[in-house]
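Q: Now for the letters of each chain:
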Amino acid sequence: MNRSPVSRRNFLKVASVAGAGLTIGACRNPSAVPAEATRAATPPTPTPEPTAAPVAMADSHAAPAAAAAPAAQGNAWEEMDRMHEEGVKIFLDGIDPTNGFWGTPLKHKEENGVKIFELTCQDVQWEVEPGKAVAAMAYNGIVPGPEMRMTEGDTVRVIVHNEMNQSTSVHFHGVSVPNSQDGVPYITQPPIRPGESFTYEFTTRNSGSHMYHSHHNALEQVSKGLIGAFIIEPADKSKEPEVSGDYTLILNDVGIGLTLNGKSFPYTQPIIAKLGDKIRIRYMNEGIMIHPMHLHGLEQLVIFKDGWPVPQPYYCDTLNIAPGERYDVIVDCHTAGAWAFHCHILSHAESAHGMFGMVTAVVVQE
Amino acid sequence: MNRSPVSRRNFLKVASVAGAGLTIGACRNPSAVPAEATRAATPPTPTPEPTAAPVAMADSHAAPAAAAAPAAQGNAWEEMDRMHEEGVKIFLDGIDPTNGFWGTPLKHKEENGVKIFELTCQDVQWEVEPGKAVAAMAYNGIVPGPEMRMTEGDTVRVIVHNEMNQSTSVHFHGVSVPNSQDGVPYITQPPIRPGESFTYEFTTRNSGSHMYHSHHNALEQVSKGLIGAFIIEPADKSKEPEVSGDYTLILNDVGIGLTLNGKSFPYTQPIIAKLGDKIRIRYMNEGIMIHPMHLHGLEQLVIFKDGWPVPQPYYCDTLNIAPGERYDVIVDCHTAGAWAFHCHILSHAESAHGMFGMVTAVVVQE
Amino acid sequence: MNRSPVSRRNFLKVASVAGAGLTIGACRNPSAVPAEATRAATPPTPTPEPTAAPVAMADSHAAPAAAAAPAAQGNAWEEMDRMHEEGVKIFLDGIDPTNGFWGTPLKHKEENGVKIFELTCQDVQWEVEPGKAVAAMAYNGIVPGPEMRMTEGDTVRVIVHNEMNQSTSVHFHGVSVPNSQDGVPYITQPPIRPGESFTYEFTTRNSGSHMYHSHHNALEQVSKGLIGAFIIEPADKSKEPEVSGDYTLILNDVGIGLTLNGKSFPYTQPIIAKLGDKIRIRYMNEGIMIHPMHLHGLEQLVIFKDGWPVPQPYYCDTLNIAPGERYDVIVDCHTAGAWAFHCHILSHAESAHGMFGMVTAVVVQE
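Residue numbers (our numbering), protein chains in the order written: chain A, -11 to 354; chain B, -11 to 354; chain C, -11 to 354.
Any given hint could turn out to be false.
One copy or two, either will do: identical chains are not told apart, so a pair holds if it fits within one copy or between any two.
Claimed, not checked - Below 25 Å or equal to it, Euclidean Cα-Cα: the simulated DMTMM-like pairs (lysine to aspartate or glutamate) are:
(1) K77 - E208
(2) K227 - E287
(3) K266 - E151
(4) K262 - D320
(5) K103 - E221
(6) K97 - D320
Quick caveat, the hints were computed from the structure, so don't treat them as lab data.
Because the structure is a prediction, the values reported are computed rather than measured.
Extracted from the complex, chain A is given alone in its bound form (with noise of 0.2 Å):
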């Protein structure tokens, strides 16, 4: 990911409600008067001032997580809050808007009306969070690999590379294909194997967020990274929710670690939006575990599963997901603020060394 102070700059300029949270953060005013306080009548029951000195920022941006140091004895909170500010200032300062894992699907060619992508398995270092690298297997050398995306009806071929030391084999999640291009090894087709290439090729019959992963020791090469969005938007596009933006977050645990898109907590990326927007995000869930996710202050409204249309949609503000399940849900912009969305699974989530992993935000901007 770019984070570059110009980036950073940019995103500060516009994002006044995260802002505001951390020069809150910074005064550390315990009284802080709430924002609907003024209807009242009489003022808030008075609070303490805080007693205790400005707690003291750690220059390195290591990562949060990782830093285990014993607190000194007497002040094992203060040391367990430093922690808890560093991550949340790593994410704040890191926000990007114009950069990250969406909006860059994997380009294709056409030849002859039929959409050509290709795709490269490789072993790799995966940084999870930058200096955590883990040993990994991506397609095109990222972790998912790039979103595929066309259109119900379209006729695709996808050419497989093996540049691994394994076999592997490229399943169709969901998608309706003939049997010979469904991507088990020895049931539908040979693995292929080190050096080998593969072609899939099938004309797509079910829209919906589907995934592309192997199939073929597929607990290590799943885990680990052999992981993609296969999109097929349907032909019809009135049967489409309009959304001002569309977020896929793919699930991981177990290889890479507790993952969104690759990334664990401060380092993932989060949701921007702007007030009265509406967004769509895709979860797709690529780990072993279930992860039930849960949007702060925002309800999230399921619209479809598996990639077919729920009969009604219905709302939620947690929404559980099982290894193999996609859910897309409609999210309404309709409060401003910097809203925590993460695993409920708190051991996902936060440790006493603060929020890590499956944790990330929906930046709504006024």
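Got chain A; can you put chains B and C on it based on the hints?
A: This is chains B and C only, laid out in the frame that chain A set:
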């Protein structure tokens, strides 16, 4: 819990069904004639009389789950049965319909139309069962904290005093609030440090079964007990189902252990209803594991998820609740008896020592 | 399971699709032309010929998941592929459409209009795969126990004989019964002690895919196999979907291991259907973990949960089933082939040694 002899006797006077269960257990007649057997012209096949001596009951009411003394060779199953029976006896003997977690919401003051609630966070020892205290964190001394209840449109002020040895914050989970009141340290407010207080204030907009809980060092603080129900009744009461009882069940696991409303079986509290009653149960999962709650004999009609009405209510007997989720169900008490009610992850409910953890009952009295 | 050469040949004669898969595997042509490639005017990009020698197949059909011999340096991936292929071969070679778990319900006697079923509980050694027996507990010698099937309104008598070394009881999970027939020791009946028998009798009221299982020392007894399907067909048959096959899939995990109907891949039983068939699958989770069941290539239409019709059927490709839950789905076999069908928690389905555990297939024959 007050499990006085008086209340016990009061209960047993009316609890004919549960009493019958005990009697059956006591007389140990394995060929008990089924309730409907008289309809059959031919009596049920006779079964052998029990050959073993009556099981001796221990005088002590020590928690059976803690009793791990090895059974003597040759009668291990008798010792197993004895422990199973002891747990059930403690549970049934302790049933007190007049006393318990429910029906004791947090009292509030009212000033100029604002409802004012106060919460004090403390490190406590919490008895998940008599004599078994665990290190916990409590709002106003109890786990879960007291239920807060109000009506949609109410302006509420929640004053939080932190008397613990670490900072905290309060997030109103599922509640639509201004961002400044969202309770995420360093994003929307500073943490509430030891000795400090903090005031939240907002006007409630979305009715439903919500929660309040810590959002700082949350894995520890939530799992150890900084949790409570935050129930916003709809302004239009016609939206509510008519029920004769309203029971919140807060599920928890890793911190204070496998508990329902902060207690482990056999010290959990049963729901007492009368034949023909319709009751409402509000599930809230504050743990880090799923808990599929199974009710015997009576179906559950799911009417709300996360405070939102489901598009069409649906029936089930086992409802899977993920961390952060809430579900409201209606139970029609159409058949009398003591109906077991438990998490169906059996490692959360029954070991060789008998039922434990996330087990209670719905007792329907004739 | 009877996996005789005769039945194997019978199957292979008709299973053109699965046979094709094997052939592809055998000829190891990594540039296999996709079925639809002929539509494209330009042929798919050529791929390199395989350079490795044909993979030698072991003579032994030992379970591949148990084979953990380290691969020689430099060809670890070839050994991995060999194990993957061996598992699939065992599975495909063993397919026998005429023999298996389904279609063998528990026979009953009828006396004066009462349907009488008998169950005998025994400690057994159960082969989850040939040669791999585990300590289990069985009804009538098999895991899961035999399916009980009746019609709504039937009066049934279930006589249970306990020949195990510990007490037991039977709970009819999801079935509306008088409290005395609910099967919870010391609450509704005494336990059925070693050598004793017990008779349940009730008139069925709620149709659906229910279960019977132990409710005494249940973590051990259920996980080790005291489980079975208890299916109450509706009195009004017009409420049932018309299907050409009806398949119960009982999921289990910790006791006897990761199994579908008591067997682990490659010894699980596939569902065999004909092109255009509609089939019904009844999922029942008797384990202690969730199992999101993913079917390749064919969508699942969810019609019942816990025996109750869902308000509006909905489609999915991955259905998350929690412990204690049941779901009935309809699968329209609209595309021929051998479609992998597995739990999508990949640690329950595929290791470096190949597919194992909760994996089977729906084979759609042309």
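Q: Each hint: holds or not?
A: Going down the list of hints, with the structure as the test:
no.	hint	result
1	K77 - E208	between (34 Å within a copy, 22 Å between copies)
2	K227 - E287	both (22 Å within a copy, 20 Å between copies)
3	K266 - E151	neither (41 Å within a copy, 42 Å between copies)
4	K262 - D320	within (10 Å within a copy, 43 Å between copies)
5	K103 - E221	within (14 Å within a copy, 49 Å between copies)
6	K97 - D320	neither (36 Å within a copy, 34 Å between copies)
Of the numbered hints listed earlier, those contradicted by the structure are 3, 6.
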